[in-house]
Amino acid sequence: MTIAISVNNLSKRYKIGAAQQKFQYNMFRDVLMDTLMTPVRVYRALRGQGMRGTTATSTIWALKDISFDLEEGKVLGIVGRNGAGKSTLLKILSRITEPTEGTVTVRGRVGSLLEVGTGFHPELTGRENIYMNGAILGMKRAEIDRKFDEIVEFSEVAQFIDTPVKRYSSGMYLRLAFAVAAHLEPEILVVDEVLAVGDADFQKKCLGKMGDVAQQGRTVLFVSHNMSAILRLTQEAIVLKKGQLIKRAPTPEAVDFYLSSGQAESGQRIWEAEEVPAASQPFRPLAIRIKDRSGNVVDTIRSTEPLTVEWEYQLDAPITALRVGIYLSTMRGEYVFTSFDTDDARQYEQFGARAAGRYISRCEIPADFFNEGRYALGVNASSFGVKRYFMDENALSFNVDISGAPGTQWPEPRVGPVRPRLDWKIEKID
Amino acid sequence: MTEIVKHEPTTIYIKPSTGFAALNLKDLWTYRELVYFMIWRDVKVRYKQTMLGAAWAIIQPVLTMIVFTFLFGRIAKLPTDNNIPYPIFSYAALLPWGMFVGALNQASRSLTSNQNMVTKIYFPRLVLPLASILSGLVDFVIAFVILIGLMIYYGLTPSPNAIWALPLFLLLTVVTALGVALWLSAINVQYRDVNYALPFLTQFWLFITPVAYSSNLISEKWQLVYSLNPMAGVVNGFRWALLGTNTGPGPEMAVSVLISVVILIGGLFYFRNMEKTFADTI
Chain Z
1 MTIAISVNNL SKRYKIGAAQ QKFQYNMFRD VLMDTLMTPV RVYRALRGQG
51 MRGTTATSTI WALKDISFDL EEGKVLGIVG RNGAGKSTLL KILSRITEPT
101 EGTVTVRGRV GSLLEVGTGF HPELTGRENI YMNGAILGMK RAEIDRKFDE
151 IVEFSEVAQF IDTPVKRYSS GMYLRLAFAV AAHLEPEILV VDEVLAVGDA
201 DFQKKCLGKM GDVAQQGRTV LFVSHNMSAI LRLTQEAIVL KKGQLIKRAP
251 TPEAVDFYLS SGQAESGQRI WEAEEVPAAS QPFRPLAIRI KDRSGNVVDT
301 IRSTEPLTVE WEYQLDAPIT ALRVGIYLST MRGEYVFTSF DTDDARQYEQ
351 FGARAAGRYI SRCEIPADFF NEGRYALGVN ASSFGVKRYF MDENALSFNV
401 DISGAPGTQW PEPRVGPVRP RLDWKIEKID
Chain V
1001 MTEIVKHEPT TIYIKPSTGF AALNLKDLWT YRELVYFMIW RDVKVRYKQT
1051 MLGAAWAIIQ PVLTMIVFTF LFGRIAKLPT DNNIPYPIFS YAALLPWGMF
1101 VGALNQASRS LTSNQNMVTK IYFPRLVLPL ASILSGLVDF VIAFVILIGL
1151 MIYYGLTPSP NAIWALPLFL LLTVVTALGV ALWLSAINVQ YRDVNYALPF
1201 LTQFWLFITP VAYSSNLISE KWQLVYSLNP MAGVVNGFRW ALLGTNTGPG
1251 PEMAVSVLIS VVILIGGLFY FRNMEKTFAD TI
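In the order they appear, the protein sequences are chains Z and V. Quick note: the first sequence, position 245, residue 245 per our numbering, numbers continuous. Quick note: the second sequence, position 200, residue 1200 per our numbering, numbers continuous.
Honestly, the hints are just simulated from the structure, not real lab data. Please read all numbers here as calculations on a predicted model, not as lab measurements. Ideal Cβ placement from N, Cα and C applies to all residues, glycine included. Be aware that one or more of the hints could be misleading.
[To be verified] Just a few of them, taken from the derived set where beta-carbon distance is under 7 angstroms, the chain Z residues facing chain V: (1) 94; (2) 99; (3) 106; (4) 118; (5) 119; (6) 135; (7) 360; (8) 362.
[To be verified] Stretches of chain Z that chain V covers, calculated by requiring three or more beta carbons in the stretch to come under 8 angstroms of a beta carbon on chain V: (9) 84-93; (10) 137-147.
Please take these sequences and the hints and turn them into a complete structure.
Given below as structure tokens:
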């Protein structure tokens, strides 16, 4: 067997800190101060000390010492929580960014589905965008000519092909974009979370297309938070954690390892004192976390198990009529529900007025509630009609794995954010 | 299902670049179709959803010419070379100047405005500033039609040199614009100050370029220093080829060309060196 990708001691270091600090002009005084500090900043920038120069630049290793080989024609899954280095790895493989250390040898053209729709211009028609996007992805014009009809057919937008894409619905737009990318025929295909794209039917079609690609003997790297997709499409997977490769195994084993281990530092959001706006006073959020049945802080929960949300906060002064709660939404931004700790009238009588001190508000979301995918947890602390102390629409996100959930014997995506286990009764009436 | 054509795939080695990056212009050649498509896209969408459309390519230089004629020709009574009528004297300079400024504006933003391309796919980044400069040529050609009209109206015939000289001076405009744009676009990736500095830069540059006035107004001993501005060479060359002024090839022109080439080569190396961090810092 020939080796398609050979990764040797690959590391990537990013500068953080200084560059991440955003311009925040809250008051005229800040603007003035910033202006007066300009000469200092320019001097530091010229000496290569980073954008703001006010804080020491620190670095993080997004990837540390990764090595693996991948044989031609194999499909490799890459799993790991957000920030584990998956995207960085794909970016290095597709030559978007350079590694800091180590080498990669890639045999063949790398095509990535990171870039669905990149270079699409709203004023151009579907037809024009196919050519434009194809060229950006590295296809030759003759190649696009040859595949044009197939692309149009796959995208299901044939009748609008000469309409500017700004008139397309977002679904049509994504379908067209994916169709172009899917018809690129690289020797190595890199796929990152395409399954978040489009409706359920189209997702199914994309999965089918990926299956075809793999059967044609092409090498595929597949990144997803969707464990069932990983299980369905890959035979082998690697698990990344904090930039390190911690496991390489046949997919079922790797997924199990990923779901049941070592993800404890995720599934939690901690607010540093300087992240909390002064306007929140006297309310001060400390941390929010998601725990599984056995009390471990987790990033991925199983749909078949209940989960606990814990919000820890500090009141620097007593607050009356307080309610502390969560919003839950899908990654597509649809709200699933909103709930507050004093929704219950008796609870409100007891805890509406809270003395200064440190608190935890905790609730359990029952088993058999979530559908598969990724969900965002937002937080809100307010006194109705008086003041909203603190709000963060996207404090934390987590994944739901649906192994064992109702209906999983059929390998199809189910629409809707919830996946309840309903008590069906079937009666023969005749 | 499509057949895959089996051919021996090329092997790519990815490793941290050390020292000075090679220019790797071969890579740019492989992506020449992308350059073509980017130009085509720019041209296609430039005047979309405007009422006057491509007429803008004419309106800008013509209106500037009218204002210049009024201010500098009538009121300030600036002398032109060989008593050439002021309108055509200034228009012949406004053509390459407009091309230059337009190209700088587009190209210096080309990386930041195509941010999603830069952070999501590999291609030689040079494609972006290059394509946005070349797409300005279309506007140039449209505005050139007016020049022909003006020449007929004033009964002027270009010197025979125009046939070979105009393309060369146009090339010099492109080279200068590309050289400067490479510096600016690469800096713009990290420091968006470029967006604020650019209008000021082009305005200042207009003052030191003989667009509204004749370079013969500069005293003899300053001529060489004056021609350190490559755009002075471009404008003088255009006037020489079209209107037969005495500002043709000579030592001053050589200085302009040299500076322009130096800026381009420096820009290419600077750009290539910064290129590896574009996706991380943009």
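Now the hints, each set against the structure:
Annotation: interface hint on residue 94/Z holds; nearest CB of chain V at approximately 6 angstroms, less than 7 angstroms. Here the hint on residue 99/Z is kept, as its CB sits about 5 angstroms from the closest CB of chain V, short of 7 angstroms. Hint on residue 106/Z holds. Least Cβ distance to chain V is approximately 5 angstroms, under the 7 angstroms limit. Of the supplied interface hints, the one on residue 118/Z holds, with its beta-carbon coming within about 5 angstroms of a beta-carbon of chain V, less than 7 angstroms.
Interface hint at residue 119/Z: satisfied, since its Cβ lies 5 angstroms from the closest Cβ of chain V, which is below the 7 angstroms cut-off. A cut of 7 angstroms between beta carbons decides the hint on residue 135/Z: the least distance to chain V is about 4 angstroms, and the hint holds. The restraint placing residue 360/Z at the interface with chain V is violated, with a minimum CB-CB distance near 39 angstroms, outside the 7 angstroms limit. Contact between residue 362/Z and chain V, as hinted, is not supported at the beta carbon level, the nearest pair being about 39 angstroms apart and thus beyond 7 angstroms.
Requiring three or more residues with a Cβ within less than 8 angstroms of a Cβ of chain V, the coverage given for the segment 84-93 of chain Z holds, as 3 such residues are present. With 5 residues having a Cβ less than 8 angstroms from any Cβ of chain V, the segment 137-147 of chain Z passes the three-residue criterion, so the hint holds.
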